[in-house]
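Chains as they are written, first to last, in the working numbering: chain A, 292 to 538; chain B, 292 to 538; chain C, 292 to 538.
Treat the hints as calculated values from the structure; they're not laboratory data.
Hints are not guaranteed to be accurate.
For chains that are exact copies, the list does not tell them apart, and a pair is met inside one copy or across any two.
As the list claims (entries may be wrong) - In silico DMTMM-like cross-links for lysine to aspartate or glutamate, where the CA-CA straight-line distance does not exceed 20 Å:
id: 1; residue 1: Lys434; residue 2: Glu522
id: 2; residue 1: Lys468; residue 2: Glu503
id: 3; residue 1: Lys294; residue 2: Glu322
id: 4; residue 1: Lys387; residue 2: Asp405
id: 5; residue 1: Lys294; residue 2: Glu343
id: 6; residue 1: Lys387; residue 2: Asp464
id: 7; residue 1: Lys500; residue 2: Glu393
id: 8; residue 1: Lys294; residue 2: Glu510
id: 9; residue 1: Lys294; residue 2: Glu451
id: 10; residue 1: Lys294; residue 2: Asp375
id: 11; residue 1: Lys294; residue 2: Asp441
id: 12; residue 1: Lys387; residue 2: Asp461
id: 13; residue 1: Lys434; residue 2: Asp463
id: 14; residue 1: Lys294; residue 2: Glu384
id: 15; residue 1: Lys387; residue 2: Asp463
Quantities reported herein were computed from a predicted structural model and do not represent experimental measurements.
Next come the chains, spelled out residue by residue.
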Amino acid sequence: MFKAIVSASTLRNALDSVSVLVDECKIRLNEDEFGVRAVDPANVGMVDLTLEAAAFESYEADGGVIGVNLNRLEDIAGMAGSGDLIHLELDEETRKLHIQVEGLSYTLALIDPDSIRQEPDIPQLDLPASVVIEGAQLNRGIKAADMVSDHIALRVDEAEEAFYIEAQGDTDDVDLKLEREDMIDITVGAADSLFSLDYLKDMNKAIPKDAEVTIDLGEEFPVKLHYEFAEGLGHVTYMLAPRIQSD
Amino acid sequence: MFKAIVSASTLRNALDSVSVLVDECKIRLNEDEFGVRAVDPANVGMVDLTLEAAAFESYEADGGVIGVNLNRLEDIAGMAGSGDLIHLELDEETRKLHIQVEGLSYTLALIDPDSIRQEPDIPQLDLPASVVIEGAQLNRGIKAADMVSDHIALRVDEAEEAFYIEAQGDTDDVDLKLEREDMIDITVGAADSLFSLDYLKDMNKAIPKDAEVTIDLGEEFPVKLHYEFAEGLGHVTYMLAPRIQSD
Amino acid sequence: MFKAIVSASTLRNALDSVSVLVDECKIRLNEDEFGVRAVDPANVGMVDLTLEAAAFESYEADGGVIGVNLNRLEDIAGMAGSGDLIHLELDEETRKLHIQVEGLSYTLALIDPDSIRQEPDIPQLDLPASVVIEGAQLNRGIKAADMVSDHIALRVDEAEEAFYIEAQGDTDDVDLKLEREDMIDITVGAADSLFSLDYLKDMNKAIPKDAEVTIDLGEEFPVKLHYEFAEGLGHVTYMLAPRIQSD
Numbered sequence: 292m293f294k295a296i297v298s299a300s301t302l303r304n305a306l307d308s309v310s311v312l313v314d315e316c317k318i319r320l321n322e323d324e325f326g327v328r329a330v331d332p333a334n335v336g337m338v339d340l341t342l343e344a345a346a347f348e349s350y351e352a353d354g355g356v357i358g359v360n361l362n363r364l365e366d367i368a369g370m371a372g373s374g375d376l377i378h379l380e381l382d383e384e385t386r387k388l389h390i391q392v393e394g395l396s397y398t399l400a401l402i403d404p405d406s407i408r409q410e411p412d413i414p415q416l417d418l419p420a421s422v423v424i425e426g427a428q429l430n431r432g433i434k435a436a437d438m439v440s441d442h443i444a445l446r447v448d449e450a451e452e453a454f455y456i457e458a459q460g461d462t463d464d465v466d467l468k469l470e471r472e473d474m475i476d477i478t479v480g481a482a483d484s485l486f487s488l489d490y491l492k493d494m495n496k497a498i499p500k501d502a503e504v505t506i507d508l509g510e511e512f513p514v515k516l517h518y519e520f521a522e523g524l525g526h527v528t529y530m531l532a533p534r535i536q537s538d
Numbered sequence: 292m293f294k295a296i297v298s299a300s301t302l303r304n305a306l307d308s309v310s311v312l313v314d315e316c317k318i319r320l321n322e323d324e325f326g327v328r329a330v331d332p333a334n335v336g337m338v339d340l341t342l343e344a345a346a347f348e349s350y351e352a353d354g355g356v357i358g359v360n361l362n363r364l365e366d367i368a369g370m371a372g373s374g375d376l377i378h379l380e381l382d383e384e385t386r387k388l389h390i391q392v393e394g395l396s397y398t399l400a401l402i403d404p405d406s407i408r409q410e411p412d413i414p415q416l417d418l419p420a421s422v423v424i425e426g427a428q429l430n431r432g433i434k435a436a437d438m439v440s441d442h443i444a445l446r447v448d449e450a451e452e453a454f455y456i457e458a459q460g461d462t463d464d465v466d467l468k469l470e471r472e473d474m475i476d477i478t479v480g481a482a483d484s485l486f487s488l489d490y491l492k493d494m495n496k497a498i499p500k501d502a503e504v505t506i507d508l509g510e511e512f513p514v515k516l517h518y519e520f521a522e523g524l525g526h527v528t529y530m531l532a533p534r535i536q537s538d
Numbered sequence: 292m293f294k295a296i297v298s299a300s301t302l303r304n305a306l307d308s309v310s311v312l313v314d315e316c317k318i319r320l321n322e323d324e325f326g327v328r329a330v331d332p333a334n335v336g337m338v339d340l341t342l343e344a345a346a347f348e349s350y351e352a353d354g355g356v357i358g359v360n361l362n363r364l365e366d367i368a369g370m371a372g373s374g375d376l377i378h379l380e381l382d383e384e385t386r387k388l389h390i391q392v393e394g395l396s397y398t399l400a401l402i403d404p405d406s407i408r409q410e411p412d413i414p415q416l417d418l419p420a421s422v423v424i425e426g427a428q429l430n431r432g433i434k435a436a437d438m439v440s441d442h443i444a445l446r447v448d449e450a451e452e453a454f455y456i457e458a459q460g461d462t463d464d465v466d467l468k469l470e471r472e473d474m475i476d477i478t479v480g481a482a483d484s485l486f487s488l489d490y491l492k493d494m495n496k497a498i499p500k501d502a503e504v505t506i507d508l509g510e511e512f513p514v515k516l517h518y519e520f521a522e523g524l525g526h527v528t529y530m531l532a533p534r535i536q537s538d
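Okay, chain A solo, but in the shape it has when bound (with noise of 0.2 Å):
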């Protein structure tokens, strides 16, 4: 069984972190948290998202798993206010989903869990260096790097103790860089990997730009973008695997 209540921000901010990457998701009801960890089709980019159940107006489940389609649930949440509230409550027996918000009834057909990716693990890695930035300092790097190429380097400066974003076109290069006082917190180490910047400008979509942005980095290793949102009581990780650096 699965029968909650959240606000519509809340619910919107969720599922925008997942939608960026897949169109389909198999979402967890867990009795303590509500839960979606996808990879997209190419297995580049990964997302791992938790919603606490404190973070609902109500929250009652028992363990179960839906398949959803991301984009209707979002134009459903996104027919409520901001301040509205969306109720959600599972027909175990026709296995749809009915979604209420200010006397707007919907009923969402869902899809075979079977049938939707499998959920990726989301490896630990043990990397070397973190940044602490704002949502709209990587917006600004990520902008400023589409501006000349189609790659994004994220590079430590040990040494300066500075954070770069990077990028090289064919004649023209771009660079932020971001000093200690420019940032929230920074652990210095040896971080230098290169990026689609397709992948980190879709998961930039989904950032807050007001967010405290946790970025967890290595040596040609993948990055861990991580973030809250809901006062803390969501969270999202995204992973984003290399690319070989050509130079």
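The hints should help you fit chains B and C onto chain A, whose structure is shown.
Relative to the frame of chain A, chains B and C by itself:
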């Protein structure tokens, strides 16, 4: 003869109500009102617009009929600020309409009224049910229906004294239920009819979100939507033919 | 050498005035001003931009010429907030322009100035009439003309002391009449010329709506439009060749 001065916002509201259904129309320039009746090319949706002489700053007319290209007239009205006054004057000899607003003069070639589709008779119907709701609520129901289907059912539940806007998609359903306290007024009666969503979406575009919309309904009967603008001096009635309910 | 600091809004205003006509241009980095003269590929519209050294926070230059891709430079300037300062520095050896704004560094590859169309000579013309109007009024006349035609006539009526912006379509006509009291200034003289609306629309895009635009006109002669920005330290002159009047 025809010579009138009207506020840009009033003229725009009037034109919009017709242009959502047709591109060209006849305007009746009666002594006491400015009127349009039009039907879309498929004979599914009709509009009856009247704007009383008192809605104009000044109004002189003697019963002539002119044919106009609505998009042209809307473009000109769109050049004015909403507080601006638009001067209209018919040149009987050249069959052109002179339009002036704040130093701008536009000479609009008229269309031979005989080349425009005949004005429809809006049938008198004795519809048993009627609800009065805000334009914003109708808009919400139409947007919700549009997520799942291209048809929309409007239904009154007599026992519940409730008005339902419903849509059934291939897999998903949606309905908006308005109870007595959500509405401005309701007259219960047997009413359940299905309509093409496209037409209702077009009509909805012209209906101000803060207007009181009266919806008259029956069982597999046309629906009539009525609202007023220009402080009650502008009147719009839409009529939409029903679709056959397939189940 | 070239090294300068300028506010993002001033640089954007300067670049926009040129980019509406050409994609690439030569910039003259004179000791006392930053200047561009360019003509569109069809030799119909010309622009002469100068931005005085005093319009910059700091400015050092010794008379060099660089070739730039304007869209690239505009994209970078667009990354800055309007209050941000943009640092520009020419690397003579690599022929690259280093651009810095708030931690962001962009290295722009320059274009060989010899590969860019020759700078035009802006002819000295003795135009008999001149009007000074607000950018917003010019914009209004151009938008009105665009409803009916792809040509626009600019005309001064000497007896009325009025300025007319006129357009004749196949069936409809439009004109905006500005009388002495609607204008900032007028010098009457014989003036009536026809222009391609496309060019004037492009120029209009760059003209701030609150700028005072001086329009110098003659009989079937080019028009000159002049306005200032950056508190009078930036100067733009457009010149547009006339079309032959067909009637």
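Results for each hint:
In this assembly of identical chains, Lys434 and Glu522 lie within 20 Å of each other by CA distance neither inside one copy nor across copies; the values are 27 Å within and 31 Å between. Taking the shortest Cα distances, Lys468 and Glu503 sit within 20 Å of each other inside one copy (17 Å), while across copies they are farther apart (41 Å). Within a single copy, Lys294 and Glu322 get their C-alpha atoms as close as 11 Å, which meets the 20 Å cut-off; across copies the closest is 63 Å, which misses it. With identical chains, the CA atoms of Lys387 and Asp405 are at most 20 Å apart within one copy only, with a shortest distance of 16 Å there and 56 Å across copies.
Taking the shortest alpha-carbon separations for Lys294 and Glu343, only the intra-copy value of 14 Å comes in at or below 20 Å, while the best inter-copy value is 54 Å. In this assembly of identical chains, the alpha carbons of Lys387 and Asp464 lie at most 20 Å apart only when taken from different copies (10 Å versus 51 Å within one copy). In this homomeric assembly, Lys500 and Glu393 come within 20 Å of each other (Cα to Cα) only across copies, at 17 Å, whereas the closest approach inside a single copy is 29 Å. In the homo-oligomer, the alpha carbons of Lys294 and Glu510 never lie at most 20 Å apart, since the shortest distance is 45 Å inside one protomer and 36 Å across protomers.
For a Cα distance limit of 20 Å, the shortest separation of Lys294 from Glu451 qualifies neither inside one copy, at 51 Å, nor across copies, at 26 Å. Only within a single protomer do Lys294 and Asp375 lie at most 20 Å apart by alpha-carbon distance; the minimum there is 17 Å, versus 50 Å between protomers. Proximity of Lys294 to Asp441 under the C-alpha cut-off of 20 Å is found in neither arrangement, the shortest distances being 43 Å within a copy and 30 Å between copies. In this assembly of identical chains, Lys387 and Asp461 lie within 20 Å of each other by CA distance solely across copies; the values are 13 Å between and 51 Å within a copy.
For the identical chains of this complex, Lys434 and Asp463 are intra-copy neighbours only, at 14 Å inside a copy versus 38 Å across copies, given an alpha-carbon limit of 20 Å. Taking the closest pair of Cα atoms, Lys294 and Glu384 come within 20 Å of each other only inside a single copy of the chain (14 Å); across copies the shortest separation is 68 Å, beyond that limit. For the homomeric pair Lys387 and Asp463, the shortest alpha-carbon distance between copies (9 Å) is at most 20 Å, but the shortest distance inside one copy (52 Å) is not.
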